[in-house]
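Given only the sequences and the hints, what does the whole structure look like? Please build it.
Listed below, chain by chain, are the residues.
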Amino acid sequence: MRYSIWSIIKQGLRSNRDWKTAWRDPEPKASYDAVIIGGGGHGLATAYYLASEHGMTNIAVIEKGWIGGGNVGRNTTIIRSNYLLPGNEAFYELSLKLWEGLEQSINYNAMVSQRGIINLFHSDAQRDAAVRRGNSMILHGADATLLNQDDLRRMCPYLDFENARFPIMGGLMQKRGGSVRHDAVAWGYARAADLLGVDIIQNCEVTGFIMEAGKCVGVDTTRGKIRAKKTGVAVAGSTSRVMGKAGMRLPIESHVLQAFVSEGLKPIIPGVITYGAGHFYISQSDKGGLVFGGDIDGYNSYAQRGNLPVVEDVCEGGMALVPMIGKAKLLRMWGGIMDMSMDGSPFIDKTDIPGLYLNAGWCYGGFKATPGSGWCFAHLLATDTSHDVATAYRINRFQSGAALDEKGSGAQPNLH
Amino acid sequence: MIIPHPLLGPRDAAEFTYLGDTSLLMRPDPSAEAKPEKLMQAFHDYVHLRDNPTGVHKELWFHEQGDRSWLVVTRNISTHEIIAVELASDVKKASKGKSK
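Chains as they are written, first to last, in the working numbering: chain A, 1 to 416; chain B, 1001 to 1100.
Note that these hints are calculated values from the structure, not bench results. Some clues are possibly wrong.
Think about it this way: if two alpha-carbon atoms lie no more than 30 Å apart in a straight line, the pair counts; the simulated DSBU-like pairs of lysine-lysine are [what the hints assert, rightly or not]: (1) K1058/B x K245/A; (2) K287/A x K175/A; (3) K215/A x K225/A; (4) K215/A x K1038/B; (5) K1058/B x K64/A; (6) K97/A x K407/A; (7) K29/A x K225/A; (8) K64/A x K350/A; (9) K29/A x K350/A; (10) K175/A x K64/A; (11) K245/A x K64/A; (12) K1035/B x K350/A; (13) K245/A x K1038/B; (14) K175/A x K327/A; (15) K350/A x K1038/B; (16) K1092/B x K1035/B; (17) K407/A x K1058/B; (18) K1035/B x K1093/B; (19) K175/A x K215/A; (20) K1058/B x K1096/B.
Here it is, written out as structure tokens:
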């Protein structure tokens, strides 16, 4: 059923009794042209673009739990393409362009809202860095606007502009950035892929890879063997664990990142605001909750919950930037497990094992990359070549000296 | 998390900074490997690759806001339970005694 205003009215007049489930619940077939492990945003987007752009419809997405139950369900929903390095910016700009047309292409309301993102600066040096970043963005076809303090005072009068230690001088704004309803991204891609014939198999854990003559020819799962000409892995957070079953060691550590939502408040924060003098960012959801977060906890973890020192650090950042949020009550806080790579950038690449492909290492920035990641991973799976904007995301880039380190902090995941 | 420091007793984890897996104690020996490609590979693996297991993990913590000692903490990273804490210098000595 195609979703539209007319389908809502029609079903409304019939007491909503004819809505169908958004995707099937098929039994796994014995073999597919391609299998994607991981029913999160990236895996489902990959399946959708494989079917819609490359005509591969005999494919399956295999998910251990339920789709959208991992990091696509536990992020802070921000989209943007304000990167500095050429290897990154073209990719994220493609991703942002795909966000802009996403709802029409998958026929699903993902509440893509381009309400703008502002990175604040607090010193002359930070202003110079913001100008440089803005120019890099514009060179790659993205948009960037430099705001001075007066512009900001009009938009966000509640910021602590005269902070004695870190006065706010201005900000770099990307107006096309914003936020998206995260769960709807998983559901929308799942439904669109399912309509094109993709099997979405939930509650099916991969227990190993089927290897024949040094090639990967499918996966062992809790629901039996599934053979596949190509196997793509998109399981951020658990990448080392899954790829360990194929005997691979990766330049990845798993870390926990916490996020927070306040009680619902009247609209006050127009877009996304990030603090330049500490690690803190904030936006407001359509329901009114202030959505905010900061740094990763900084140690290996698979626990999906963090510790209090980082909660304190995030709240200090919030109070330094937006003192009024001290009045708001915290409603929820949670943690998600990040693939922290050694240079802070992701991998979309073939592996040394023929037939096995990897999409991983998204650090704390995977959500905004969802459409671009799916698009480029689908391209790689279908054509065996990297997409033009994802050529920097090679697994062997540390060996070749081509690390992609936006922060310049070296092979230390908790500093990215 | 509270880290039971072998010399100072229970300390708040916020006093420490985290480095990573204890494999970082086992720096490759440049004089032991003659072939440059193999040495490059060994250093690449040492600097960039990690086992990144679930469950029990041995890792290096630095007591930066304390006695500035390096500790080897054995921790269940699926539950954050701390199982054992030793001084990194003791661990390094013990491993040298074993391998060389």
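These are the hints, each one checked on the structure:
{"no.": "1", "hint": "K1058/B x K245/A", "verdict": "21 Å, holds"}
{"no.": "2", "hint": "K287/A x K175/A", "verdict": "21 Å, holds"}
{"no.": "3", "hint": "K215/A x K225/A", "verdict": "16 Å, holds"}
{"no.": "4", "hint": "K215/A x K1038/B", "verdict": "26 Å, holds"}
{"no.": "5", "hint": "K1058/B x K64/A", "verdict": "28 Å, holds"}
{"no.": "6", "hint": "K97/A x K407/A", "verdict": "24 Å, holds"}
{"no.": "7", "hint": "K29/A x K225/A", "verdict": "9 Å, holds"}
{"no.": "8", "hint": "K64/A x K350/A", "verdict": "23 Å, holds"}
{"no.": "9", "hint": "K29/A x K350/A", "verdict": "25 Å, holds"}
{"no.": "10", "hint": "K175/A x K64/A", "verdict": "37 Å, violated"}
{"no.": "11", "hint": "K245/A x K64/A", "verdict": "15 Å, holds"}
{"no.": "12", "hint": "K1035/B x K350/A", "verdict": "28 Å, holds"}
{"no.": "13", "hint": "K245/A x K1038/B", "verdict": "25 Å, holds"}
{"no.": "14", "hint": "K175/A x K327/A", "verdict": "29 Å, holds"}
{"no.": "15", "hint": "K350/A x K1038/B", "verdict": "23 Å, holds"}
{"no.": "16", "hint": "K1092/B x K1035/B", "verdict": "26 Å, holds"}
{"no.": "17", "hint": "K407/A x K1058/B", "verdict": "27 Å, holds"}
{"no.": "18", "hint": "K1035/B x K1093/B", "verdict": "28 Å, holds"}
{"no.": "19", "hint": "K175/A x K215/A", "verdict": "46 Å, violated"}
{"no.": "20", "hint": "K1058/B x K1096/B", "verdict": "17 Å, holds"}
Figure legend: structure checked against the earlier numbered hints; hints not met, in rising order: 10, 19.
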